[in-house]
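*Asks:* One letter stands for each residue in the lines below.
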Amino acid sequence: MDNKTNQWREDFPILNQKVNDENLVYLDNAATTQKPQAIINDIDKFYQHDNANVHRGVHTLAERSTEQFEAARVKIQKFINAQHSDEIIYTKGTTDALNIIARSFGEENIHEGDEIVISYLEHHSNLIPWQQLAIKKHATLKYIELDKDGFVDLEDAKKKITDKTKIVSIAHVSNVLGVINPVKELASLAHMHGAVMVVDGAQSVPHMPVDVQDLDCDFLAFSGHKMLGPTGIGVLYGKEALLNAMPPVDYGGEMINFVHLYETSWNDLPWKFEAGTPNIAGAIVLGDAVDYLEKIGMQNIFDYENKLVAYVLPKLLKIDDLIVYGPHDPKKHTSVISFNLKDLHPHDLATGLDMEGVAVRAGHHCAQPLMGYLGVNATARASFYFYNTVEDADTLVKSIVATKEFFKNGTV
Amino acid sequence: MALSKMDNLYRQVILDHSAHPHHHGKLDDSTNQIELKNPTCGDVLQLDVKVKDNKIADIAFSGYGCTISQASASMMTDAVMNKDIDTAEDMVEDFSNMILGEKTDTDILDDAATLKGVSQFPARIKCATLAWKALHKALNKK
Ligand SMILES: Cc1ncc(COP(=O)(O)O)c(C=O)c1O
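Residue numbers (numbering that gives the first Met the number 0), protein chains in the order written: chain E, 0 to 411; chain L, 0 to 141.
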């Protein structure tokens, strides 16, 4: 590995800037990723040449935008190896997708006394929709324990998932602990008990190969902006038979077959769930982002990030007074790394790192129950993507040490 | 080295207040209490105030937060101790103006005036104002 750069970094113009007089080291990729110039250009190109509403014109531009909008759907279908392109529903993002599952599938299938099973490490967007559904339906919300490394514990899952369980919903990759959860095994457990398996793929789909047929999950949610795409576009994957049986959640244009005065018939999948004018440019450009990622290869991205973790994690573990959460074995750890300096609030640490040009997140990462589970109020989090380099990792380590010294000695 | 810019934020007095906060704890005889949370970071501040004869006769804070929020709470309790309510409310406003980088009279704020540098760190403004917001809410709690 070249230390200073790699063959992809130059594609990202935003990385080439100074922050607080230092070279920017962007390590907040779990929050959102940067966009390559080609993607930025594609957004322009769409609005300069092809912009029109989809599915409702006979003119040439409408034809073109519809064609690209649906072509992107097919790219996304292939990207996650879905069986049919109508299993790909465009949403605003992961949060929106999970809410749709709760409000449609959940609303129809959860009854008093049923169980919904999640885990202690879920992002609020894979927690509150289920919690509120459980309250409304007088169902029981159950939490699977984590093992000592922070993985969702399969042994506990076997106890928590019962014949009363109707929905199991788990993050594929944690946005705090950097663990890859055994969602394939969890799906098989869920199915054994007649429950559906929902996978929050917000942190997995951008970083590793994800094959919905191999996982045999029933639903998968992910966000475009965490995988080089724009904000405001994401995906709900669902098995065709399930989606067909589910009622729409939003009503309006596009999602109808025929509207009579006193009743309406719904459009086919996927449009049944896509009421109103969608994020057309966002969807098309997400398709381009998929092309970009596939050109590198998802396995290559995973392997590259793995090498970065193998390089940086031992260095972080060597820093005195730095507490690193999640597994300490780099082979078990994804490129999301949370940590705290002893006796220093993560906000103070993050401000120190920002002064050195290093962008990390500090806070509860929308996972307050997990913070409680770990016995902390907040953590700092560095999260890498394939455009990050060994030099970025070195700067992170150096800056943590410098910040530690600053607070130890009062001034630098 | 860009870390030296932090000197504008983390002045020695601020670090001292944070390491050894004044009026830290609870009051047995408080008249006004409040718990405020900073939802972006999960920090919590509990403030106990004892108002007597329209004056802040005693005050204490507890909870969890960063260097800036802890120091700010400590400095605030020092500054408003024994002040009458109207003066304390004026100080809340002075502090807020100072942090937002507006011209204001900071003499009355005592050590809290050393938090002026926070105005150059927009991401940290909420940390500094939490304690003062809590005071304002506590005093206006019916
Ligand atoms: C694990 C996980 N789930 C869900 C989300 C929510 O994604 P979005 O805000 O794009 O809807 C995130 C992103 O912060 C996440 O990391």
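Hints in this document: simulated from the structure, not taken from any laboratory.
There could be a bad hint or two in this list.
[Said to hold, decoys possible] Simulated restraints on C-beta separations:
id	chain 1	residue 1	chain 2	residue 2	range
1	L	S3	E	I13	24 to 34 Å
2	E	K314	L	A122	19 to 29 Å
3	E	D148	L	K102	35 to 45 Å
4	L	T39	E	N19	19 to 29 Å
5	E	D148	L	K36	22 to 32 Å
6	L	N53	E	I13	33 to 43 Å
7	L	D85	E	Y372	39 to 49 Å
Just so it is clear, CB atoms sit at the ideal spot from N, CA and C, and this is done for glycine as well.
*Asks:* Taking the hints in turn, state whether each one holds.
*Replies:* Here is how each hint holds up against the structure:
1. L:S3 <-> E:I13: 24 to 34 Å: holds, 26 Å
2. E:K314 <-> L:A122: 19 to 29 Å: holds, 26 Å
3. E:D148 <-> L:K102: 35 to 45 Å: violated, 54 Å
4. L:T39 <-> E:N19: 19 to 29 Å: holds, 21 Å
5. E:D148 <-> L:K36: 22 to 32 Å: With Cβ atoms ~30 Å apart, the hint holds.
6. L:N53 <-> E:I13: 33 to 43 Å: violated, 55 Å
7. L:D85 <-> E:Y372: 39 to 49 Å: holds, 46 Å
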